[in-house]
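S.K.: Whole structure, please, built from the sequences with the hints as guidance.
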Amino acid sequence: MATTPDPYGFLKDFMAGGISAAVSKTVVAPIERVKLLLQVQHVSKQISADKQYKGIVDCFIRIPKEQGFLSFWRGNMANVIRYFPTQALNFAFKDVYKQTFLGGVDKNTQFWRYFAGNLASGGAAGATSLCFVYPLDYARTRLAADVGKAGAADREFTGLGHCLTKTFKSDGLLGLYRGFAVSVQGIIIYRAAYFGFFDTAKGMLPDPKNTPLLISWAIAQFVTTFAGIMSYPFDTVRRRMMMQSGRPKAEHAYKNTMDCWAKIAKQEGTAAFFKGAFSNVLRGTGGALVLVFYDELKKLM
Numbered sequence: 001m002a003t004t005p006d007p008y009g010f011l012k013d014f015m016a017g018g019i020s021a022a023v024s025k026t027v028v029a030p031i032e033r034v035k036l037l038l039q040v041q042h043v044s045k046q047i048s049a050d051k052q053y054k055g056i057v058d059c060f061i062r063i064p065k066e067q068g069f070l071s072f073w074r075g076n077m078a079n080v081i082r083y084f085p086t087q088a089l090n091f092a093f094k095d096v097y098k099q100t101f102l103g104g105v106d107k108n109t110q111f112w113r114y115f116a117g118n119l120a121s122g123g124a125a126g127a128t129s130l131c132f133v134y135p136l137d138y139a140r141t142r143l144a145a146d147v148g149k150a151g152a153a154d155r156e157f158t159g160l161g162h163c164l165t166k167t168f169k170s171d172g173l174l175g176l177y178r179g180f181a182v183s184v185q186g187i188i189i190y191r192a193a194y195f196g197f198f199d200t201a202k203g204m205l206p207d208p209k210n211t212p213l214l215i216s217w218a219i220a221q222f223v224t225t226f227a228g229i230m231s232y233p234f235d236t237v238r239r240r241m242m243m244q245s246g247r248p249k250a251e252h253a254y255k256n257t258m259d260c261w262a263k264i265a266k267q268e269g270t271a272a273f274f275k276g277a278f279s280n281v282l283r284g285t286g287g288a289l290v291l292v293f294y295d296e297l298k299k300l301m
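Residue 301 is where the sequence shown ends in this note's numbering, and the numbering goes up by one at each step.
Keep in mind the hints are simulated off the structure, nothing from the lab.
Treat the numbers as computed from the prediction; the structure is a model and nothing was measured.
Label-pair ranges, simulated between beta-carbon atoms:
#, residue 1, residue 2, range
1, D95, L214, 24 to 32 Å
2, G161, G9, 32 to 40 Å
3, T165, G104, 44 to 52 Å
4, W112, Q52, 41 to 49 Å
5, D259, G103, 39 to 47 Å
Note that CB positions come from ideal geometry on N, CA and C, so glycine has one too.
M.R.: Put into structure tokens, the structure is as follows:
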């Protein structure tokens, strides 16, 4: 007997994904800010060469001393606002695309088609949602990269609204979408691994709906770590491009995305693409929690 589609399925996906994301991102916000600072400090106008952070530990020590302890959560509200629709739309669209790519596919007899369908649905979901929320992603990056003291005149932006309006006035809509192309490339790679491998691994378990929490977390942790490392160079390039918005063209470090890739490799070496990558692995714990919370919330709905 065919099951009746849940008319509220899309809304349940949206709420479960959004709530899970908001909680987990707040928990790992200090790690994420450290990761962002290490990625973009080379092109920051606020951080001179002699003041750059030497690594994760140096960053964690200096941030509270120079900017105050609460500055670890600088831009977190923008991140929660951004992440709620981003992750919720990712999860919701993922299931829509799964129906498109996996309709009629038997995971037991058509494994590779099943695996490819999961990759395609995850990548398409990420790219689709990114179109809607990219300006918020941009604002989160710029707010986190702002190293001025709290309430001081050396702060570049006073908040989310100020960041968006200031950038729009100086650069127009293009400024809010700078780095979008490489972001789409990176998000497809990340989401393809993130959802594709997670769903495939869960689907191979004897009873996916009743998987022990520890097993779900272990699978999710591996997936987020792998996906994060695979897409990290794309993330570094896009955030470097974001940092150029609001500056006169003469002060741009990179002419375009390809120039950014080339100059980072030539001037800083390949390792520069992975600056902050270890903190990103730690931050990935939050991504793993999102997947686990999402599964648990759906069981309750």
